[in-house]
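Residue strings, one per chain:
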Amino acid sequence: MKKPLDAKSVWAPSNAFIPERDLDKTPILEARHLGIDFGGLTAVDDFNLTIGKTEIAGLIGPNGAGKTTVFNLLTKVYQPTRGTILLDGVDTHGMSTVQVNKLGIARTFQNIRLFNSLTVEENVKIGMHNSITYSSIEGILRMPRYWKYEKIAHERAMELLSIFNMEGMANAQAGSLPYGAQRRLEIVRALASNPSLLLLDEPAAGMNPSETAELMENIRHIRDLFHIAIILIEHDMNLVMGVCEGICVLNFGKVIAKGNPEQIQANPAVIEAYLGKKKEA
Amino acid sequence: MVFLSYLISGISLGSVYAMIALGYTMVYGIAKMLNFAHGDVIMVGGYVSLIAMTSWGLPVWAAVVVAMVACTVLGVVIEGLAYRPLRSAPSLAVLITAIGVSYFLQNSAQLIFSPNPKSYPVIINGSLSLFGGKLTISYISLVTFLVCVIIMIALTLFTSRSKMGKAMRAVSEDKGAAQLMGINVNRTISMTFAIGSALAAVAGVFLCSSYTTLMPTTGSMPGIKAFTAAVFGGIGSIPGAFLGGLLLGIIEAMAKAYISTNISNAIVFAVLIVVLLVRPAGLLGKYVPEKV
Amino acid sequence: MSKLKSIKKTTLVDFATYIGVIIAFIIVNTLKNDGALTRSFTGQLIPICCYVVMAISLNLTVGVLGELSLGHAGFMSVGAFSGIIAAMSLQTVIPSPVLRLIIAIIVGAFFAAIAGVIIGIPVLRLRGDYLAIVTLAFGEIIKEVINCLIVGVDSNGLHVIFNAFGSKSVSDLNLLEGGVMIIKGAQGATGVKAISTFTVGFILIMITLVIVLNLIRSRSGRAIMALRDNRIAAESVGINITKYKLMAFVISSALAGAAGALYGLNFSSLMSSKFNFNTSILILVYVVLGGLGNIWGSIISAVILTILPEALRGFEDYRMLIYAIVLILVMLATNSPQIKNLVEKIIPRRKKGEEADEEAA
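Residue numbers (this note's numbering), protein chains in the order written: chain A, 1 to 281; chain B, 282 to 573; chain C, 574 to 934.
FYI, nobody ran anything at the bench for these hints, they're computed from the structure. All the given hints hold, so there is nothing to weed out.
Pulled from the structure, derived: some chain C residues nowhere near chain B, Cβ distances all over 12 Å: (1) T590; (2) V733; (3) L748; (4) I776; (5) E883.
Stretches of chain C that chain A covers, calculated by requiring three or more beta carbons in the stretch to come under 8 Å of a beta carbon on chain A: (6) 780-789; (7) 803-810.
In silico SDA-like pairs for lysine to any residue, Cα to Cα no more than 20 Å straight-line: (8) B/K313 with C/G701; (9) C/K582 with A/A170; (10) C/K816 with A/I137; (11) A/K258 with A/G64; (12) C/K582 with A/E167; (13) C/K582 with A/E155; (14) C/K913 with B/L362; (15) B/K537 with C/A737; (16) C/K581 with A/E150; (17) A/K102 with C/N803; (18) B/K313 with C/N908; (19) A/K254 with A/G64; (20) B/K537 with C/S740; (21) B/K572 with C/N803; (22) B/K572 with A/R113; (23) B/K572 with A/Y78; (24) C/K913 with C/L865; (25) B/K313 with C/D702; (26) C/K816 with A/E138; (27) B/K313 with C/G639; (28) C/K582 with A/H154; (29) A/K25 with A/H227; (30) B/K456 with B/R365; (31) C/K581 with A/E159.
Ideal placement from N, C-alpha and C gives every residue a C-beta, glycine not left out.
Looking at chain A on its own, in the form it has when it is part of the complex:
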């Protein structure tokens, strides 16, 4: 006799928190039972998450919980051992990083990865690689399309840089920028690839409180401007609680809590993960 399937294990849209405005739309991201093993070690297991079209979500957890690994799975830096990732309803199974980016996921990196020897503007233009295109021949022979699209690319790059007031730095070398500016440039570059889902890996790391406050405003501004979903990994709780509508907490590769900021702050499992077990008095 067949065991009745547990509805929860088949697929439960275990949403972090989908804001009301997104409720009737297809979620931009659905991760179902996602997992990966490295050798015998399970880094992430049974990860379920649904993100609304214009949601800002947070992914938090102690160091080594597997947060960046989740980003690497979503962007196919690693191919998942188990589970499914649907992006706007499309199964990304077997896709490469490049294909997933073309489909709409862009990201930043925990350890900043800019094109250091190139200028700020070139970094942003590289982000537009697949949105503003002309062939190599057209580029080498400088045919009309080259001039037309380079002009558009330049204007768009300036527009994107203006979100962070970075137009003035357009000709500076990316590697020579201060730390905070490098983090912001990574976000601009990711936005340049025209994503529908933006993954930010510790965007506030190394920023001072006023920069962080500004970043918080900017994250909201980006969402409102582009109508995209944003997931961020962050250790700065002020930022996470201030900007995220839904939060998902990871510990030892497993989801231990989901909900809105108030729910998460009151969740005993989360408190235990961060502060350790309360001693019974």
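Got chain A; can you put chains B and C on it based on the hints?
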């Protein structure tokens, strides 16, 4: 029987490659640089041992010791003058400097010893006759192989057991961290060059003895092939260099015997390419993916 | 004034490079026509053009793509011999030597590009020094393979023998009466009509410059530089790594092949051992001394380093020794932090950050 004799000459040739490759792999593993002047240190070893034997009338073993001392000094001096100032420079700058050193050694040798080939004595005569004379193994082949095995084992023990050897492995993993742990990085790298150059001297004696000639460019091609051998076996790995050298020698001997002398090098290099495509880090090398 | 400022610095550098090459050509060509140049220098002009193209094209692989290639001379070799075969086969059909030369250069570039694809597709998966060793191996393979070729042409067309076992000879080609031998195995190509001209060499440099500089300043060039600077980030913004690596590698090979054809048709005979490991290294030296990714630097260092050994002829035996010492000293002077600090103390330079701030203001 014919096959066996080709195999033996391949092993003998391969042992020489392996000795040179061991030096390459040590320097690459620890200093992370392609020392293209290594082949020319072999040539210097050849000339020094030749002078020691013919002009000073020293016995073979003493000539080898003299050559080792001379090459060790040479290696340390090269490292100190040309490579040490470039420790933090891009690897290509160091590569070009190594090429400059290689040109320097070759042209100095040309000025001192003239570009004409000199004949080099066979250091060990006689051969072992097996199967009623059907198969002969020259003593020099045997000695070359044995010396190579001994060196390989000694180096493996040295790097895994001795304090200096452990320091070398630490420097090879992370120079900065090794320095913080109180390891003198410069001295460790010097030591590596000293060992590599001493090995080059030994290899030089065996190489010249099997070629029976010596000229300023003698070291170049074996140097390139030994480098290939080191990559073949997985660069940075001591048993890998040994295995790579032997295989390279055997493939070369077989290609010469059964296919063609005209394209034996092409075959050797083609095999290398195939091996690298199947195992991108060489036979015994470790492939470390980049962390995101 | 503001309009001048709006032109980018890179555009100005490119412009200056073109103008510099044109002016240099006009001056040298005038001097040459007036007979003011020594015979040995005039003889160097076409090789200099070839080495300049080689240096620019290798800079595309090493400087712009960021992959070390130690077998660039191999592509030059493919271009040289295929160019020679093309030029000699067409000798009766196309009487104009200039037209023949141009066709030979195109054929040379084409075959070198094919070699680039063949070696590139499997090899570009490798990284760093492993790629370097495979390109080195490729250069050696090409050398021996060409050593085994016996090629001749007659009214029936091209005859080719691959003499791997050393058993064949020229007579095995069975050429008809009036047939011409082109490549005789290890002896290489002999009896070649030298049809290369300095003007064509100059034009080839200009074409190379246009291709490489315009590529670097375009979408594809940016993609190539992006994957050099950070492969993982490049993938994350949707850049197809293999495609752009291969593109840079093949363009670089094709240009080397064009330079090879020009080089091969400058001499009456040519052996494949000319394009050995040392030649590859020589070109790499031009690129590194001129500065990685710096195109005009490659041009200048290729010119100076080709003339330098000739200029040192007076020192005869010592010239290569001096060359070696100069090479080591230049590398130490440009890369050693101690010496750099010393230089900066004497000549204080503005830091990059300050420049950026000023531009921002």
